[in-house]
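Order-wise, the sequence lines are chains A and B. For what it's worth, the working numbering labels the leading residue of the first sequence as 1, then goes sequentially. For what it's worth, the working numbering labels the leading residue of the second sequence as 1, then goes sequentially.
None of these hints come from the bench; they were simulated from the model. Values in this document were obtained by computation on a predicted structure and should not be read as measured data. Please note: incorrect hints may appear among the correct ones.
If you want the footprint, here are the derived chain A segments under chain B, 3+ residues with CB under 8 Å [unchecked claim]:
1) 109 to 123
2) 203 to 209
3) 244 to 253
4) 389 to 402
5) 407 to 420
6) 426 to 436
7) 466 to 479
Covered by chain B, according to a simulated footprint, are these stretches of chain A (three or more residues, beta-carbon under 8 Å) [claimed, not checked]:
8) 34 to 44
9) 55 to 62
10) 286 to 293
A few chain B residues that don't get close to chain A, going by computed Cβ distances all over 10 Å [said to hold, decoys possible]:
11) 17
12) 133
13) 395
14) 490
Using N, Cα and C, we set each Cβ at its ideal position, and we do this for glycine too.
Number of protein chains: 2
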Amino acid sequence: MTVSQIDEEVAKLLKLKAQIGGDEGKHQFTLKTAKGTRDYNPKQMAIRERVFNTIIRCFKRHGAETIDTPVFELKETLTGKYGEDSKLIYDLKDQGGELLSLRYDLTVPFARYLAMNKITNIKRYHIAKVYRRDNPAMTRGRYREFYQCDFDIAGQYDPMIPDAECLKIVHEILSELELGDFRIKVNDRRILDGMFAVCGVPDDKFRTICSTVDKLDKMSWEDVKSEMVNEKGLSEEAADQIGQYVSMQGGMDLAERLLQDAKMSQSKQACAGLTDMKQLFSYLQLFQVTDKVVFDLSLARGLDYYTGVIYEAILTQNCPVNVSATQNGVDEKAEEGVSVGSVAGGGRYDGLVGMFDPKGRKVPCVGVSIGIERVFSIMEQKAEASARKVRTTETQVMVASAQKNLLNERLRLTAELWNAGIKTEVMYKKNPKLLSQLQHCEDSGIPLVAILGEQELKDGVVKLRTVHSREEVDVSRAELAEEIKKRTSDV
Amino acid sequence: MTVSQIDEEVAKLLKLKAQIGGDEGKHQFTLKTAKGTRDYNPKQMAIRERVFNTIIRCFKRHGAETIDTPVFELKETLTGKYGEDSKLIYDLKDQGGELLSLRYDLTVPFARYLAMNKITNIKRYHIAKVYRRDNPAMTRGRYREFYQCDFDIAGQYDPMIPDAECLKIVHEILSELELGDFRIKVNDRRILDGMFAVCGVPDDKFRTICSTVDKLDKMSWEDVKSEMVNEKGLSEEAADQIGQYVSMQGGMDLAERLLQDAKMSQSKQACAGLTDMKQLFSYLQLFQVTDKVVFDLSLARGLDYYTGVIYEAILTQNCPVNVSATQNGVDEKAEEGVSVGSVAGGGRYDGLVGMFDPKGRKVPCVGVSIGIERVFSIMEQKAEASARKVRTTETQVMVASAQKNLLNERLRLTAELWNAGIKTEVMYKKNPKLLSQLQHCEDSGIPLVAILGEQELKDGVVKLRTVHSREEVDVSRAELAEEIKKRTSDV
Chain A
1 MTVSQIDEEV AKLLKLKAQI GGDEGKHQFT LKTAKGTRDY NPKQMAIRER
51 VFNTIIRCFK RHGAETIDTP VFELKETLTG KYGEDSKLIY DLKDQGGELL
101 SLRYDLTVPF ARYLAMNKIT NIKRYHIAKV YRRDNPAMTR GRYREFYQCD
151 FDIAGQYDPM IPDAECLKIV HEILSELELG DFRIKVNDRR ILDGMFAVCG
201 VPDDKFRTIC STVDKLDKMS WEDVKSEMVN EKGLSEEAAD QIGQYVSMQG
251 GMDLAERLLQ DAKMSQSKQA CAGLTDMKQL FSYLQLFQVT DKVVFDLSLA
301 RGLDYYTGVI YEAILTQNCP VNVSATQNGV DEKAEEGVSV GSVAGGGRYD
351 GLVGMFDPKG RKVPCVGVSI GIERVFSIME QKAEASARKV RTTETQVMVA
401 SAQKNLLNER LRLTAELWNA GIKTEVMYKK NPKLLSQLQH CEDSGIPLVA
451 ILGEQELKDG VVKLRTVHSR EEVDVSRAEL AEEIKKRTSD V
Chain B
1 MTVSQIDEEV AKLLKLKAQI GGDEGKHQFT LKTAKGTRDY NPKQMAIRER
51 VFNTIIRCFK RHGAETIDTP VFELKETLTG KYGEDSKLIY DLKDQGGELL
101 SLRYDLTVPF ARYLAMNKIT NIKRYHIAKV YRRDNPAMTR GRYREFYQCD
151 FDIAGQYDPM IPDAECLKIV HEILSELELG DFRIKVNDRR ILDGMFAVCG
201 VPDDKFRTIC STVDKLDKMS WEDVKSEMVN EKGLSEEAAD QIGQYVSMQG
251 GMDLAERLLQ DAKMSQSKQA CAGLTDMKQL FSYLQLFQVT DKVVFDLSLA
301 RGLDYYTGVI YEAILTQNCP VNVSATQNGV DEKAEEGVSV GSVAGGGRYD
351 GLVGMFDPKG RKVPCVGVSI GIERVFSIME QKAEASARKV RTTETQVMVA
401 SAQKNLLNER LRLTAELWNA GIKTEVMYKK NPKLLSQLQH CEDSGIPLVA
451 ILGEQELKDG VVKLRTVHSR EEVDVSRAEL AEEIKKRTSD V
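The shape of chain A in the complex, shown without the other chains (with noise of 0.2 Å):
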């Protein structure tokens, strides 16, 4: 069969469909959201603006600005961009006009920015979801929706300086969103091209080869190399210099020692790899991160687009809270390249801004993803088993009244502390009892009443309590916004 045969046959299925009534034919209305999206309810929202706060703190420190693309592209704009994992791109219907996708990362919309405003300098972030037809019941529970939070340079410039800067990143970012402890680690595509070149490995099982080596954080070496030799075809002997060379582990030590390894030092593509890990490593003591990074040469990774230095960051501590994300179906693996327990991920891409430009000029580019959703679980979780109470609002204060008809004399209040910037809620309800009041500041946190009397009205006073001590304080009226500021200044 051909493509245009198949096209026709599903085009004839889909009016068949259509006629006998589709999906629409059940009457019976459906009240969920579409399989594998989910929505975010306020405690989830704030708890992903508290973790978005962060990340985008540590991009704005080093420099960065930020763009924004649609959420479709051009359908051909996506074409031959991510090899098989093309079938789990959304199409929109052909409603009349162009074919559309939905985007299925930020790295090829951020390539194609950058060719179409001819753009050959930018440190950008760009945080946003990306959608991928997925099979959440094979996959326990993966998302079609997700967010990728992406940080990338582009750029000429002095090797593994950029590079560096990414490592950098991603240890402040862990660093700060208290995780547990973590490792990066890192490698190079030229460095893996190299040593399957001198271990006898044919140019054209490079690529297969690669994604078996990828597996070595989820399998034994045994399954592994039984997968590359009955499997894939290698040889028993390349297989087994291989296994050498992917369980070396080290840093700078290790790029120097295998500069002078007999076989390696024949790869001209090895060496040089090996030369920039070296200065990388240089450039990560300066920036004092090399405590949490180690070059991992069975670090291998998916993506077809990278060219020089990959990384990826991994939670190491094995508490409850990594299985449960994993048993959540959370585990990015297939959709970030990244394994298990891992939180970031990324590498340089010189080759893929050229795909977009009419006359083939390259832009050097080399970034990192944060595997934002896994994160988000992990705080959600941490949240959980928390004694304390994520707050959904900011409010500083409620407005509220122990006696009757006193409506507007809130309302008045409450428009008083609102345009003296305060945070405040007021009860909808003309005279609500003064225990459903302190009730709902005892849900959402609220740390503070205002509380409206007859005699505070007299007294040009406002009684002001504390919800958690139950302390009240009567305040004049002019200081009170000053007063609230000071009490809620650490909220």
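Given chain A's structure and the hints, the job is docking chain B onto it.
Chain B alone, transformed into the frame defined by chain A:
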């Protein structure tokens, strides 16, 4: 064949297509974004961020939580909610599975969220992109992907208190954004319907006559009347009676007068609306916003789902900024149901959530939508017109050097500053020229340069240069971060 058999067959065929290469045959390539969409560059993003911050600060001051919903919904969720405009909904391709559509606004997903989670009380904001297959050629550059910025209060409360808060919020946001003078028109769906009834409009013509009245902000009364009489078949007498009412504007006094009006007082609906209008104005007085709010009987607004108060804010200054905003086609008229110059709109919709509830349980809602694309456009033009450059980064200092071979020292100091929380940039070059380092600061608005040289290193100091004044002063390395913080505290 049944629907599920078709789905199966389609899935099989698509899998086959993916295996044999799919659409990847065509090689000719178009470098553009999808029709009606655009990228946001860093400058636009900086402006967008400032506008969002102002608006979110206001929403939070009023105690609002935030939620998020997926970018696509089941097609049936959107069906029957938008009348004629349903043809503008983007459908996703049937790739075997649920039929999906991109969201058309944030209100319907909000109602779906409330019904699905059985939420009866919430004050929430939601800022996100929505999608409409409008014809950009016909509407001069209207976007097919654009932001909505919604604030809604759901729940059964005493009348008009949440409604008044929505108007207070519009007042606060428009004041803080400094868009020039504005007015907020208010009316009530019940007053409109009552007015139509007492003027002798047949029941089945309420909607179509209402949509003609809605054109009064763009057309003269003569033209509107002619449309009513000649196109919609209304009697001239009825049209003239409507004409008398829709020319009325006022405040609480007008509501009182109309309650005494011989004709109006015959309509129960109108009286209910007018009584609430009086109540609304009494709350608006407490909130001190009556200077900008006007009860205007010509305000109709398009959307079907409104059941009570409706409102719309317009900018009243005829500054060039407004004119060009309209020329840019950012007139949100059809999109938001608001008029030229309109920057916010909303109203009460007590029936929408019930459409999603299996038992039809109602959750009364009132909300407001800020016409954020128009605000962006005005802000962008203000920025263009102003001498002050829009900064796209927040970098406080650039670590630079005048001498060669100091890359390592620059990187070391940069890391020190990052670790101290200072937003710092450094050039990714071994030996950049001092001039090009200073030029970068000029270009991107970085206020300070920390210059390292052999002498400074020996003395344990850094030369701190203020870019605009070119003043230089030696600062001890230990005090550098503090000094930078002090000097950039106003940034």
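Discussion item. Are any of the numbered hints broken by this structure? If so, which, sorted upward?
Written reply: 2, 3, 7, 11, 12, 13
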